[in-house]
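Chains as they are written, first to last, in this note's numbering: chain R, 1 to 166; chain W, 1001 to 1117.
None of these hints come from the bench; they were simulated from the model. Check the hints yourself; a few may be wrong.
Restraint-style ranges between C-beta atoms, simulated for each label pair [as the list claims (entries may be wrong)]:
(1) W:A1071 with R:Q49: 30 to 36 Å
(2) R:L34 with W:L1086: 51 to 57 Å
(3) R:S56 with W:V1068: 55 to 61 Å
(4) R:A32 with W:A1083: 52 to 58 Å
(5) W:T1087 with R:A53: 43 to 49 Å
(6) R:S56 with W:R1090: 29 to 35 Å
(7) W:R1111 with R:A32: 21 to 27 Å
(8) R:A60 with W:A1083: 40 to 46 Å
(9) W:A1071 with R:S51: 22 to 28 Å
(10) R:R2 with W:V1051: 21 to 27 Å
(11) R:A13 with W:L1086: 16 to 22 Å
(12) W:G1050 with R:A20: 33 to 39 Å
Listed next, the in silico EDC-like pairs over lysine to aspartate or glutamate satisfying Cα-Cα at most 16 Å (straight line) [stated by the list, open to error]:
(13) R:K3 with W:E1061
(14) R:K45 with W:E1101
(15) R:K45 with R:E129
A quick note: this is a predicted structure, and the numbers were derived from the prediction, not measured. Where a beta carbon is used, it is the ideal one built from N, C-alpha and C, also for glycine.
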Amino acid sequence: MRKGALILLLGLALGAAAFAGIYLFNTARYRAMLREPQPGLAWLKTEFQLSDAEYSRIAALHEAYLPECGRRCALIEEQNETLRGLLAAGGGVTPEIEELLEARARTRAQCEAQMLRHFREVSRAMPPEQGRRYLAWVEAQTVLQPQPMEARHHPSGPAAPPHHPE
Amino acid sequence: MSEHQKSEMDERTLDGWLREWRVAGAPLPPRFQADVWRRIEAAEGRARAGVGNRLLTLLNESLPRPRVAFAYLAALLVAGAAAGSLTAQRQAGHWTSELSERYVQSIDPYRPSLGLP
Chain R
1 MRKGALILLL GLALGAAAFA GIYLFNTARY RAMLREPQPG LAWLKTEFQL SDAEYSRIAA
61 LHEAYLPECG RRCALIEEQN ETLRGLLAAG GGVTPEIEEL LEARARTRAQ CEAQMLRHFR
121 EVSRAMPPEQ GRRYLAWVEA QTVLQPQPME ARHHPSGPAA PPHHPE
Chain W
1001 MSEHQKSEMD ERTLDGWLRE WRVAGAPLPP RFQADVWRRI EAAEGRARAG VGNRLLTLLN
1061 ESLPRPRVAF AYLAALLVAG AAAGSLTAQR QAGHWTSELS ERYVQSIDPY RPSLGLP
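Build the full structure now, drawing on both the sequences and the hints.
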C-alpha cells in the first residue's frame, strides 16, 4: 500500500514539475520583457531581432520623438480649449471657429507626418529586411488604421450608419 | 411495472424454484435455499464495491510493478510537459499582443488606451 501510494504521489509531483518547468522556460523571455522599464521597446528588440547597438539607437530615437509628440498634443489640447470657449459663447459657426478647426486639423496632420518620419528613421536603424517588415506593420497599426469616423460611413464598417430622421 | 416490483417478482419466482428443486436420487443439502440467497447477496456486495476495490488493487498490486510504475510516471511526465507547453504558448500569444500594443500606444497619440499599466 505504501509503495503504491508513494509512486502515485511521485507521479503527480513529476507531472506538476514538468508543467511548471516547461511553462517557466517557454515564457521566460516574455516575463523578462515585462520587467523592463520600457516593455514595448523591449518587445521591439526581440520581435525585429535587433542587436544591442541597433536597439540603443532606436531607444534614443524613441526618447527624442516623445517630447515633440507631447508638445503637439499639448497644442491640440490648447486649441480644443479655445474651441470650447468659442462654442460656449453661442452664435453660429464664425470665421474664427472655422479658422481654429483648420488650425487644429493642420496640427493633427503635422502630428501624423512627424509620426511617419519617426517610423522611417526607426526602420532605417534596423537591418533592411526587418526595417521593411517594421514599416509595413507599424503603418498598418497607426496611420492606416481605420478611424471610427471613416468606419461609420463604410458599408462594411463596424458601426451602423447614423439614422437621419425624416 | 416499477423496477422494485419487478425485482420482488423475480425473487418470489426464484424462491419458488428453490423450494421445488429436486435432484434425482439425492437429497438437497441442508439449508440449500438459504445458502443460495447468501451467495447472491455476497456477489451483489462485491459488485457494489467494484470500482473502489479495483482502484485499491491497482494501487497495491499493479502500480508497484516496475513496468506499470514506469509507464505511469512517463505518462504523467509527458502530460505535464504537454500541458505546460500549451499553457505557455497561449500566455505568450497574450503577452505578445499586450507588448506590441504598448509600443504602438507609446508612439501613436491617436491610439486609444486599453488601460494597460
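Each hint, compared with the structure:
no.: 1; hint: W:A1071 with R:Q49: 30 to 36 Å; verdict: violated, 43 Å
no.: 2; hint: R:L34 with W:L1086: 51 to 57 Å; verdict: violated, 21 Å
no.: 3; hint: R:S56 with W:V1068: 55 to 61 Å; verdict: holds, 58 Å
no.: 4; hint: R:A32 with W:A1083: 52 to 58 Å; verdict: violated, 23 Å
no.: 5; hint: W:T1087 with R:A53: 43 to 49 Å; verdict: violated, 36 Å
no.: 6; hint: R:S56 with W:R1090: 29 to 35 Å; verdict: holds, 33 Å
no.: 7; hint: W:R1111 with R:A32: 21 to 27 Å; verdict: holds, 25 Å
no.: 8; hint: R:A60 with W:A1083: 40 to 46 Å; verdict: holds, 43 Å
no.: 9; hint: W:A1071 with R:S51: 22 to 28 Å; verdict: violated, 48 Å
no.: 10; hint: R:R2 with W:V1051: 21 to 27 Å; verdict: holds, 22 Å
no.: 11; hint: R:A13 with W:L1086: 16 to 22 Å; verdict: holds, 20 Å
no.: 12; hint: W:G1050 with R:A20: 33 to 39 Å; verdict: holds, 36 Å
no.: 13; hint: R:K3 with W:E1061; verdict: holds, 10 Å
no.: 14; hint: R:K45 with W:E1101; verdict: holds, 14 Å
no.: 15; hint: R:K45 with R:E129; verdict: holds, 14 Å
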